[in-house]
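Number of protein chains: 2
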Amino acid sequence: MQSKEGLIIAALGGVNEIGKNMYVFQYNDDIVVIDCGSKFPDESLLGIDLIIPDVSYLLDNQDKVRALVVTHGHEDHIGGIPYLLKQIQMPIYASRLTLGLIEIKLREHGLLRETKMTRIDANSTIELGAMTCSFFNTNHSIPDCLGVVMDTPEGTIVHTGDFKFDLTPANKQYPDLHRMSDIGKKGVYLLLSESTNAERPGFTPSEQLVGVHIEEAFNQAKQRVFISTFASNVNRLQQIVDAAVRTNRKICLLGRSMVNVVQVATELGYLTVPDGMILEPNEAAKLHPERMAVLCTGSQGEPMAALARLSNGSHRQMKIDAGDTVIIAASPIPGNERDVSRIIDNLYAMGAHIIYGSQSDLHVSGHGSQEELKLMLTLMKPKYFIPVHGEFRMLHQHRILAEAVGVRREHIFILNNGDVVESKNGVVRQFGQIQAGQILVDGLGIGDIGNIVLRDRRQLSADGILIIVITLSKTESKLISGPDTISRGFVYVRDSEELIEEVNQIVIATVNKMLEEHITQWNVMKKTLKDSLGQFLYSRTKRRPIILPIIIEV
Amino acid sequence: MQSKEGLIIAALGGVNEIGKNMYVFQYNDDIVVIDCGSKFPDESLLGIDLIIPDVSYLLDNQDKVRALVVTHGHEDHIGGIPYLLKQIQMPIYASRLTLGLIEIKLREHGLLRETKMTRIDANSTIELGAMTCSFFNTNHSIPDCLGVVMDTPEGTIVHTGDFKFDLTPANKQYPDLHRMSDIGKKGVYLLLSESTNAERPGFTPSEQLVGVHIEEAFNQAKQRVFISTFASNVNRLQQIVDAAVRTNRKICLLGRSMVNVVQVATELGYLTVPDGMILEPNEAAKLHPERMAVLCTGSQGEPMAALARLSNGSHRQMKIDAGDTVIIAASPIPGNERDVSRIIDNLYAMGAHIIYGSQSDLHVSGHGSQEELKLMLTLMKPKYFIPVHGEFRMLHQHRILAEAVGVRREHIFILNNGDVVESKNGVVRQFGQIQAGQILVDGLGIGDIGNIVLRDRRQLSADGILIIVITLSKTESKLISGPDTISRGFVYVRDSEELIEEVNQIVIATVNKMLEEHITQWNVMKKTLKDSLGQFLYSRTKRRPIILPIIIEV
Chain A
35 MQSKEGLIIA
45 ALGGVNEIGK
55 NMYVFQYNDD
65 IVVIDCGSKF
75 PDESLLGIDL
85 IIPDVSYLLD
95 NQDKVRALVV
105 THGHEDHIGG
115 IPYLLKQIQM
125 PIYASRLTLG
135 LIEIKLREHG
145 LLRETKMTRI
155 DANSTIELGA
165 MTCSFFNTNH
175 SIPDCLGVVM
185 DTPEGTIVHT
195 GDFKFDLTPA
205 NKQYPDLHRM
215 SDIGKKGVYL
225 LLSESTNAER
235 PGFTPSEQLV
245 GVHIEEAFNQ
255 AKQRVFISTF
265 ASNVNRLQQI
275 VDAAVRTNRK
285 ICLLGRSMVN
295 VVQVATELGY
305 LTVPDGMILE
315 PNEAAKLHPE
325 RMAVLCTGSQ
335 GEPMAALARL
345 SNGSHRQMKI
355 DAGDTVIIAA
365 SPIPGNERDV
375 SRIIDNLYAM
385 GAHIIYGSQS
395 DLHVSGHGSQ
405 EELKLMLTLM
415 KPKYFIPVHG
425 EFRMLHQHRI
435 LAEAVGVRRE
445 HIFILNNGDV
455 VESKNGVVRQ
465 FGQIQAGQIL
475 VDGLGIGDIG
485 NIVLRDRRQL
495 SADGILIIVI
505 TLSKTESKLI
515 SGPDTISRGF
525 VYVRDSEELI
535 EEVNQIVIAT
545 VNKMLEEHIT
555 QWNVMKKTLK
565 DSLGQFLYSR
575 TKRRPIILPI
585 IIEV
Chain B
35 MQSKEGLIIA
45 ALGGVNEIGK
55 NMYVFQYNDD
65 IVVIDCGSKF
75 PDESLLGIDL
85 IIPDVSYLLD
95 NQDKVRALVV
105 THGHEDHIGG
115 IPYLLKQIQM
125 PIYASRLTLG
135 LIEIKLREHG
145 LLRETKMTRI
155 DANSTIELGA
165 MTCSFFNTNH
175 SIPDCLGVVM
185 DTPEGTIVHT
195 GDFKFDLTPA
205 NKQYPDLHRM
215 SDIGKKGVYL
225 LLSESTNAER
235 PGFTPSEQLV
245 GVHIEEAFNQ
255 AKQRVFISTF
265 ASNVNRLQQI
275 VDAAVRTNRK
285 ICLLGRSMVN
295 VVQVATELGY
305 LTVPDGMILE
315 PNEAAKLHPE
325 RMAVLCTGSQ
335 GEPMAALARL
345 SNGSHRQMKI
355 DAGDTVIIAA
365 SPIPGNERDV
375 SRIIDNLYAM
385 GAHIIYGSQS
395 DLHVSGHGSQ
405 EELKLMLTLM
415 KPKYFIPVHG
425 EFRMLHQHRI
435 LAEAVGVRRE
445 HIFILNNGDV
455 VESKNGVVRQ
465 FGQIQAGQIL
475 VDGLGIGDIG
485 NIVLRDRRQL
495 SADGILIIVI
505 TLSKTESKLI
515 SGPDTISRGF
525 VYVRDSEELI
535 EEVNQIVIAT
545 VNKMLEEHIT
555 QWNVMKKTLK
565 DSLGQFLYSR
575 TKRRPIILPI
585 IIEV
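Residue numbers (the numbering used here), protein chains in the order written: chain A, 35 to 588; chain B, 35 to 588.
Some hints here could point you the wrong way.
It does not matter which identical chain is meant; a pair holds if it fits inside one copy or across any two.
As the list claims (entries may be wrong) - Calculated pairs, DSS-like style, for lysine-lysine (alpha carbon to alpha carbon, straight line, at most 30 Å): (1) 353 to 320; (2) 576 to 139; (3) 560 to 508; (4) 256 to 408; (5) 120 to 576; (6) 206 to 408; (7) 98 to 120; (8) 561 to 547; (9) 417 to 98; (10) 560 to 512; (11) 547 to 564; (12) 547 to 508; (13) 150 to 564; (14) 98 to 150; (15) 458 to 219.
Hint data in this document are derived by calculation from the structure and do not stem from the laboratory. Every value quoted in this text rests on a predicted model; they were computed, and no experiment measured them.
Assemble the whole structure, with the sequences as input and the hints as a guide.
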């Protein structure tokens with residue numbers, strides 16, 4: 035899309051999905067980007083490690099990009115930053131902890147030196163071309179979250195970032211209701227607000243509730259306590275540390291991201307850990323079991339993380355004993371239920387005492403529920419509204435909430451990634467698209483896996499591959515060796531001799547017939563072989579392996 | 035395991051899992067089997083269609099098998115029957131509807147004629163060698179459910195089947211509390227009770243609740259209503275039919291299992307549908323949208339079922355219009371959440387009004403919650419207890435409930451499939467194993483997919499396959515053609531010319547070096563090629579495709 039006049043707003047990621055949030059705000063020749071997240075693939079994207087936004091629009095308009103403003107330090111808001119910066123340099127603005135977490139990533143990718151990073155807080159004002167950004171404090175399951183206020187020539191735009199209204203936050207970082215009220219009073223032209231919990235009625239409970247229950251569980255545990263939660267939930271880590279202090283336990287950390295976050299958060303002052311509190315696993319092993327708590331990654335059932343390894347006895351540094359207590363202080367994100375359940379089953383088989391599930395009060399969401407979304411809408415009183423950060427059904431539920439508090443239906447835009455909302459002379463409408471999409475990261479490859487490769491992977495995963503090798507004589511036009519049949523993921527050849535023998539007979543008959551008819555174009559031969567074998571195998575096995583004839587001419 | 039003296043009990047399926055229930059009860063030379071279910075594979079079993087129990091133990095003891103008693107007609111209790119009967123003939127005892135549903139399967143597999151089937155009900159008593167079976171009425175999400183009482187020389191064994199205590203059942207099939215009380219009063223030696231909802235506090239709501247909300251939703255819908263639920267939940271189908279009658283709508287059925295179940299249940303009198311109520315899709319299309327309800331399969335998000343096809347516009351017979359109402363009257367079974375969510379997102383994009391989720395009161399479980407499990411345990415007062423029908427964590431929770439109502443902990447056995455509990459002279463203990471396991475069905479293949487094939491499918495699905503074809507001259511010991519490189523699911527060759535060129539160079543260098551060193555054993559050559567290419571590709575791409583060198587000698 036050619037660059038336009040006036041104000042335009044679009045998502046490069048974050049709508050019609052949970053993950054890879056990235057929003058573009060452009061006024062004539064100035065572009066401000068909010069967030070650049072990544073997302074984990076679902077089970078249909080076989081072999082893919084990570085998904086990042088397609089930033090072609092920014093590449094085409096590099097000279098206009100003024101800044102990347104980051105609302106907070108979660109992966110779905112910062113995970114795409116290294117990949118973005120490898121393509122376009124731009125200054126980054128973020129709060130203190132957020133910057134600390136971004137730095138870890140930039141260091142890993144060798145990008146730390148060349149990137150200009152500026153710390154901001156709720157008192158900052160930054161001029162970014164035609165747009166002026168200021169910020170307000172919100173709270174969420176990580177400290178130092180900011181909402182963004184952008185003053186543009188068309189009016190004031192507010193982007194909430196992720197938020198809840200935790201009025202008794204564990205870390206005393208209160209949501210700044212008065213500031214939000216003032217912003218709303220001055221007049222918000224357009225609001226973008228997050229929709230994660232738009233389907234959930236009521237008000238999300240305070241994080242403090244979790245702290246009470248963690249301490250209770252620590253008190254009752256007769257031996258070691260293993261507790262698993264999101265490493266990035268620094269407030270919860272603090273409550274776990276506090277519970278350990280009060281119940282006279284030392285702490286041991288398992289899992290790379292847990293070690294990383296505890297280090298950064300402690301250095302920056304977001305986590306207060308008494309000296310000598312954290313022990314290495316080998317030191318911790320010497321303690322009496324009742325004096326020890328283990329804080330570990332893997333609360334989503336990730337197969338390579340600490341909790342999964344502990345649950346199948348494959349962790350190198352630690353074993354779970356019968357009578358130990360295991361606390362899973364997180365809810366499984368949809369799609370992860372089976373992995374988490376498998377871990378719990380294994381832990382039961384080990385004789386552990388396990389505290390998990392929605393009845394346990396050991397997890398609260400970091401996202402505001404319906405009443406909180408209505409509260410934000412009421413405070414901001416926006417003229418126009420774009421629900422963001424959610425799958426379609428969440429955006430639609432959020433629309434219904436907005437209508438209920440007085441936003442006019444025709445002033446609400448439910449977008450797909452790439453859809454453009456433009457504002458010109460006070461008239462807002464949805465019009466046109468910019469390029470947006472998902473770039474797949476597989477190992478070191480970025481964007482090199484396309485639909486053909488994924489389609490092959492799907493067929494391979496369901497029915498495998500059958501390779502047929504034959505050698506033809508160029509001069510005599512006859513089969514001189516083969517067929518040799520190789521199966522991977524289709525059948526185990528040694529157990530299927532009869533089937534393979536029939537396959538060979540079909541190949542010989544098909545090839546001889548074609549040679550008799552002087553059909554020697556390879557493409558035709560291969561296609562004929564594929565078709566006849568495909569039909570035969572489906573009728574005999576109801577499976578459709580990839581059939582790959584290899585013809586050697588000598 | 036050699037056959038034993040005394041009473042033995044084992045699960046061939048159904049413990050440490052949800053699905054493929056099958057329990058074996060043996061007294062000396064008499065074996066009674068309860069249920070023979072199937073189970074759907076999880077995402078790790080790539081390409082597998084169905085899982086059935088390993089019945090080797092029954093094959094080894096064919097002459098002793100007296101009967102298969104079936105508690106109710108759900109797939110996880112009857113889905114394995116055709117595969118069992120293909121190996122061993124045995125008479126089947128089941129209630130009327132259950133037999134009707136089993137007959138559909140046996141007809142499909144051409145087994146109907148040769149199978150002896152006997153209808154039983156709560157008044158039946160059947161002598162099966164040393165064991166006498168009688169039955170009691172329970173209720174669940176399908177009509178005609180029975181619990182089984184087995185009088186054995188060691189004492190009375192009770193197997194509950196699946197149950198809840200719905201005291202206001204939609205179909206008036208009440209759980210027979212007085213009968214259960216009498217059985218308990220006479221003395222139950224050993225109870226096997228189902229554990230599906232052992233993690234859920236409270237009492238499962240009555241199915242009638244759902245009926246009220248369905249009618250309400252039908253009343254409010256301005257256009258057509260699409261409603262999706264489990265086809266086997268005949269009671270709910272009846273409530274949907276009733277709601278349609280009362281709101282003056284005709285019904286159209288979409289999906290093979292929905293058509294099958296409605297036909298069988300109507301024929302057998304479990305479902306009452308007024309004449310002319312059910313229309314074919316083409317007739318239904320002529321009705322005013324407000325006069326029409328569509329009952330369809332696919333409430334679990336199954337990609338090939340009616341609801342999924344409707345949601346992506348690919349159903350051949352019907353389309354959803356903006357303003358239509360879609361009701362999903364089922365909860366997603368763990369693992370299906372993403373598929374269901376995707377459907378809801380698509381339906382929103384179509385402009386449908388959607389009623390779904392736990393807030394909607396349009397689904398209740400068919401399994402009793404904790405208070406109901408305690409009620410069953412209290413009624414039966416068993417001396418010994420085996421929690422069945424559940425994953426480990428559910429069995430453990432059920433154990434805790436049993437202890438709470440007075441069963442001694444050392445009298446409770448948490449088993450894995452194949453574990454044997456034996457009773458001799460009034461002493462019960464867990465001792466030894468019989469063969470048990472999962473047989474994978476893939477297309478027409480039963481048990482022919484083993485670990486090697488699955489491991490290949492996993493590697494293929496994640497990173498694909500790279501095939502290298504080279505032709506060597508036997509006489510001159512040199513490379514005469516190739517390497518030809520074929521990728522499926524690894525990289526798209528046309529986009530990766532440079533990488534493939536490097537692969538070819540490595541192959542040529544490796545082969546020439548080996549030929550120079552007179553290494554000509556194919557196995558050694560192949561392994562060397564695999565190793566050097568594997569290392570190179572991992573370092574360059576962080577991927578591990580299957581590498582398959584094919585060497586042709588001419």
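Against the structure, the hints:
In this homomeric assembly, residue 353 and residue 320 come within 30 Å of each other (Cα to Cα) only inside a single copy, at 13 Å, whereas the closest approach across copies is 67 Å. In this assembly of identical chains, residue 576 and residue 139 lie within 30 Å of each other by CA distance solely across copies; the values are 18 Å between and 47 Å within a copy. Taking CA atoms no more than 30 Å apart as the test, residue 560 paired with residue 508 passes in both settings, with 16 Å inside one copy and 26 Å between copies. When the C-alpha separation of residue 256 and residue 408 is checked against a cutoff of 30 Å, the pair qualifies only between copies, where the shortest distance is 28 Å, while the shortest distance within a copy is 44 Å.
For a Cα distance limit of 30 Å, the shortest separation of residue 120 from residue 576 across copies, 19 Å, qualifies, whereas the shortest one inside one copy, 47 Å, does not. For the homomeric pair residue 206 and residue 408, the shortest alpha-carbon distance inside one copy (23 Å) is at most 30 Å, but the shortest distance between copies (44 Å) is not. Taking CA atoms no more than 30 Å apart as the test, residue 98 paired with residue 120 passes inside one copy only; the shortest distance there is 17 Å, against 72 Å between copies. When the C-alpha separation of residue 561 and residue 547 is checked against a cutoff of 30 Å, the pair qualifies only within one copy, where the shortest distance is 14 Å, while the shortest distance between copies is 36 Å.
Taking CA atoms no more than 30 Å apart as the test, residue 417 paired with residue 98 passes inside one copy only; the shortest distance there is 28 Å, against 78 Å between copies. For a Cα distance limit of 30 Å, the shortest separation of residue 560 from residue 512 qualifies both inside one copy, at 15 Å, and across copies, at 27 Å. Proximity of residue 547 and residue 564 under a CA criterion of 30 Å is satisfied intra-copy only: 15 Å inside one chain copy versus 36 Å between copies. For the homomeric pair residue 547 and residue 508, the shortest alpha-carbon distances inside one copy (16 Å) and between copies (29 Å) are both at most 30 Å.
In this homomeric assembly, residue 150 and residue 564 never come within 30 Å of each other (Cα to Cα): the closest approach is 56 Å inside a single copy and 45 Å across copies. In this homomeric assembly, residue 98 and residue 150 come within 30 Å of each other (Cα to Cα) only inside a single copy, at 17 Å, whereas the closest approach across copies is 80 Å. Proximity of residue 458 to residue 219 under the C-alpha cut-off of 30 Å is restricted to the intra-copy arrangement: shortest distance 23 Å within a copy versus 82 Å between copies.
Violated hints amount to a single one, hint 13; each of the other numbered hints is respected by the structure.
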